[in-house]
Amino acid sequence: MKNNENNLDQGKMSSQETAGVLKYKYNPKPEFEERMNTLLEVAGSTEKDKKAFWEIVHKEPQNSIRCNTLKIKPQELKARLEKLGWKISQPIKEHPEIMIIENSLMPGELGKTREHILGYYYVQEISSMLPIIALNPSSQDKLLDLCASPGSKTTQAASFMENSGTIIANDNNIGRIIILAANLEKCGVSNTILTRKDGVQLCKKMKDARIEFDKILVDAPCSGEGTLRSSPKTFLMWNLKTIEFFGRQQKALASHALQLLKEEGEMIYSTCTHSPEEDEEVVQYLLDNFDIKLEKFDLPIKTRQGISEWKGKKFSKEMQLCHRVYPQDNNTEGFFLCKIKKLSNKLKSN
Amino acid sequence: MPRFIFKTEKKEIMKKLEYYGIQELPYLLIASGKDKIRGFTGTLSGDEIIELEKAAGIDLAGLYLFHNYPDNLRLSMDAITLLKDKITKNILELDEKNEKQIKEWFAGQDLLLSKEEPQKITKQLKDKGEGPGFKVIKIAGDLVGMGKLSEGRLINYTPKERRIR
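If you're matching them up, the sequences are chains A and B in order.
Its first residue numbered 1, the first sequence is counted upward by one per residue in our numbering.
Its first residue numbered 1, the second sequence is counted upward by one per residue in our numbering.
Since the hints were derived computationally from the structure, they do not count as laboratory data.
Take these hints with a grain of salt, some might be off.
As the list claims (entries may be wrong) - 30 Å max Cα-Cα, derived BS3-like pairs, lysine-lysine:
no. : chain 1 : residue 1 : chain 2 : residue 2
1   : B       : K84       : A       : K112
2   : A       : K83       : B       : K84
3   : A       : K112      : B       : K97
4   : A       : K87       : B       : K103
As the list claims (entries may be wrong) - With the C-beta cut set under 10 Å, the calculated list includes, among others, these residues of chain B facing chain A:
no. : residue
5   : Y27
6   : T41
7   : D78
8   : A140
9   : G145
10  : P159
11  : I164
Stated by the list, open to error - Covered stretches of chain A, going by a simulated chain B footprint (3 or more residues, C-beta under 8 Å):
no. : stretch
12  : 114-121
13  : 156-165
14  : 172-186
15  : 194-203
16  : 207-216
Just so it is clear, CB atoms sit at the ideal spot from N, CA and C, and this is done for glycine as well.
Chain A with its partners taken away, still in its complex shape (with noise of 0.2 Å):
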């Protein structure tokens, strides 16, 4: 590790000792702490808003864990939990799979309890939960997750849809595919058939095969920059390149998964990074590409607008109904999440 970072010029690094605060803490590259300055004032951030973003990158991230209710009532979780001496809140009264661990913990234990062993929950960032909400699918629906590996998400589906319905859950890389099909298994899955394809392969030969789905998520693999708290290695990873690289891959994923949506079906495109590259302008795309229309939706968090201009691009009116998450604002990680609905099969540029 500590090679990696020596080699990475931007890396600065020095050592924390105050709980809370990550241990190493990575300088942002200048380039990247000016874009992040840019679009924290294009998303109406004040000096002290800025000043908070800044601060809570550099502390690790609070527990959170969501009750998988194939196995077990949050209610009895929690009980349980409490038990352990830990002092657990569910902060959305809607939601109370939803929990978060108020106390501190040793390294590594919440991976070490019975409950988690037994599948009873999955430790996921609250921000990263928002995308099934948004989806909401049901148990008569058809659902494919594009991207699906760990399979926090695809889980989260399955216990909204109770292991009914189907869900293809494809990720193209063997290794996370073994992830994935372990973390289903653990969770009791049993409604979800996975597929090891390039995610965009997977879309032009299901369309040739004429299936359709009712819901889709494209949760696309992304810079990360919504990571910097649990990955602060990101710090050291950023650079402009990979932001147009996801870009690219981005519009492509999410264009051929449209393609298999049903009229009226709803997808969500998500990432967890705050680049607009990666964000609206993918959604933009999307917008002068397809019959489509952006969907309105509340979530359970503070969020901000998608942006309507970044670096003399204009984007859609439609950009509003998009969610960006900053970390500030929840005690979270940062995200960004937009609800599409199909409206005909027709291509705009035909």
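Starting from the known structure of chain A, arrange chain B on it as the hints suggest.
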């Protein structure tokens, strides 16, 4: 290509499941590998799954339910939790007060039963009219895994990735 398990073969499986008191299994059964059986509860039919397999290839479908031996079945750790209300026989309860033993169980170790324990367990089995063999292990109200009881030893089938170290 997935191999579905239909009437005759399912009937044989249901017969073996009676060992655990399981009377119904609301899953589409799919053979996986040589002896593993998976269960699918999705709404796709067998034909639709085959269509998907032809179009895109399937790595796995449904949940691993059990290992099918010629004479019996060994339930998977997660099938046990999902079928907990249907399992009525061959449940072996370990004493939750025996902290050392419970810790060993969750660490995936086979349990060497002390001199007194075989007697206690024999009584537990005798009361229920059951013998040695595969057992669903119950600890503090939870069905936590599978063991095989034979001659003072409880073999632990907890998968490696599910052990607490």
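Structure-based check of each hint:
1. Proposed proximity of K84 of chain B and K112 of chain A is supported: the alpha carbons are some 23 Å apart, at most 30 Å.
2. Taking the CA atoms of K83 of chain A and K84 of chain B, the gap is about 23 Å. The hint holds against a cut of 30 Å.
3. Taking the CA atoms of K112 of chain A and K97 of chain B, the gap is about 20 Å. The hint holds against a cut of 30 Å.
4. As the CA atoms of K87 of chain A and K103 of chain B are separated by approximately 24 Å, the hinted pair is consistent with the 30 Å bound.
5. Interface restraint check: Y27 of chain B against chain A, minimum CB-CB distance 7 Å, threshold 10 Å, status holds.
6. Because the closest C-beta pair between T41 of chain B and chain A is about 4 Å apart, less than 10 Å, the hint holds.
7. Look at D78 of chain B: its Cβ gets to within about 5 Å of chain A, closer than 10 Å, so that hint holds up.
8. Interface restraint check for A140 of chain B: the shortest CB-CB distance to chain A comes to about 9 Å, inside 10 Å, so the restraint holds.
9. Look at G145 of chain B: its Cβ gets to within about 9 Å of chain A, closer than 10 Å, so that hint holds up.
10. Hint on P159 of chain B holds. Least Cβ distance to chain A is approximately 9 Å, under the 10 Å limit.
11. The restraint placing I164 of chain B at the interface with chain A holds, with a minimum CB-CB distance near 6 Å, inside the 10 Å limit.
12. Beta-carbon proximity to chain B at under 8 Å applies to 4 residues in the stretch 114-121 of chain A; the threshold of 3 is reached and the given coverage holds.
13. Counting residues of the stretch 156-165 of chain A whose CB lies closer than 8 Å to any CB of chain B gives 3, so the stated coverage by that chain holds, three being the minimum.
14. Chain B is given as covering the stretch 172-186 of chain A, and this holds because 6 residues of the stretch bring a CB closer than 8 Å to a CB of that chain, at least three being needed.
15. For a cut-off of 8 Å, the count of residues in the stretch 194-203 of chain A with a CB near a CB of chain B stands at 5, and the three-residue condition holds.
16. Coverage of the stretch 207-216 of chain A by chain B holds in this model, with 3 residues showing a Cβ closer than 8 Å to a Cβ of that chain against a need of three.
Checked against the numbered hints given earlier, the structure satisfies every one of them.
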